[in-house]
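Colleague: So the chains spell out like this:
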Amino acid sequence: MLATSLLNPHKWVDNHADYLYAYAISRISDDEQARDLVQEVFLAALEKADKFEGKSSERTWLTAILKNKIIDIYRKRSSGLNNAVKVAEKEQEDFFYEDGHWREEHWPKELGFEDNDPLHNKEFNHVLQRCMKKLPELWLAVFTMKHMEDEPTENICAELKVSSANFWVIIHRTKLNLRACLQKNWI
Amino acid sequence: MGPLKKIIYNCRRATFLIEKKLIDRLTLREKMELRIHLFGCSVCRVFDKQSAIINKMVQQLFKAPKDSGAHLDNNFKQELQHRIEDELNKN
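Chains as they are written, first to last, in my numbering: chain A, 1 to 187; chain B, 1 to 91.
The following block holds chain A by itself, in its conformation from the complex (with noise of 0.2 Å):
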């Protein structure tokens, strides 16, 4: 039996199905792979709407079984042997010479949004989702849990199979890239 006194499946859509879509696409750019989600987060939802305490809002519960499903995708996305992170690493081996010093063609440059708010600058967004799209999927992945709920890092390794010590190797390599790429496109 339903508690429909907690949850109103009969609205779902109007109530949560663009917010629950925006926050699917803003995570996996991947139009189809979204609307699919938003489907399944309904219909998964329903399945265990019994166990739903009311302890949480609707969008609460809902926006965390999307969640995880977005987690399983990344998991998905990043297994397997990952050519991009060969080329991704070869990129940036030039950044810096042997002794550590940076290559002076490489020298993080003042971009002009050091000093003013650039939150609102929509076509800074542009740019910055375009060069996150170039990051390697795992990278993306580990990127992408840290700053999206501010995941703890236990949880990023676990979930993603990876050791603590990559994760930071990781998290230095995607900014330097994601720095990089910034310069290159935005002048």
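Just so you know, these hints were derived from the structure itself, not from any lab.
The model shown is predicted, which means the values in this text are computed figures rather than measured ones.
Ideal placement from N, C-alpha and C gives every residue a C-beta, glycine not left out.
Where hints are given, some of them may not hold.
Covered stretches of chain A, as calculated for chain B (at least 3 residues, CB under 8 Å) [unchecked claim]:
| id | segment |
| --- | --- |
| 1 | 9 to 22 |
| 2 | 30 to 44 |
| 3 | 53 to 62 |
| 4 | 102 to 112 |
| 5 | 139 to 148 |
| 6 | 167 to 180 |
Non-contacting residues of chain A with respect to chain B, defined by C-beta distances greater than 12 Å in every case (computed) [as the list claims (entries may be wrong)]:
| id | residue |
| --- | --- |
| 7 | Ile65 |
| 8 | Lys69 |
| 9 | Val85 |
| 10 | Lys134 |
Following the hints, position chain B against chain A.
Modeller: Only chain B this time, still in chain A's reference frame:
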């Protein structure tokens, strides 16, 4: 190379510490290392500033799904609600 010179020269290490600082915390030793390095390295100071801002921007992307304007079309939504009603009627 002496240990101090290693710290001063190693921008790769400094950028690593900058990333660690942003999500976790540094040990006392690491803090000293980074401070010494940044004191003498204007290039890494730029990286330091930019890196924090990039994190903020990325978090903003994820926190404001409503503002993104992304939404589903009505046909899809109608079908979806039908699907839910069907499931509800099964029980």
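Colleague: If a hint holds in the structure, say so; if it does not, say that too.
Modeller: Hint check results:
1. 9 to 22: holds (count 10)
2. 30 to 44: Answer holds; 5 residues pass the 8 Å Cβ test.
3. 53 to 62: violated (count 0)
4. 102 to 112: Since 6 is at least three, the answer is holds.
5. 139 to 148: holds (count 5)
6. 167 to 180: With 7 residues in contact (Cβ-Cβ under 8 Å with chain B), the coverage given for the segment 167 to 180 of chain A holds.
7. Ile65: Holds, since 14 Å exceeds 12 Å.
8. Lys69: 15 Å, holds
9. Val85: 17 Å, holds
10. Lys134: 14 Å, holds
Of the numbered hints stated above, the single one contradicted by the structure is hint 3.
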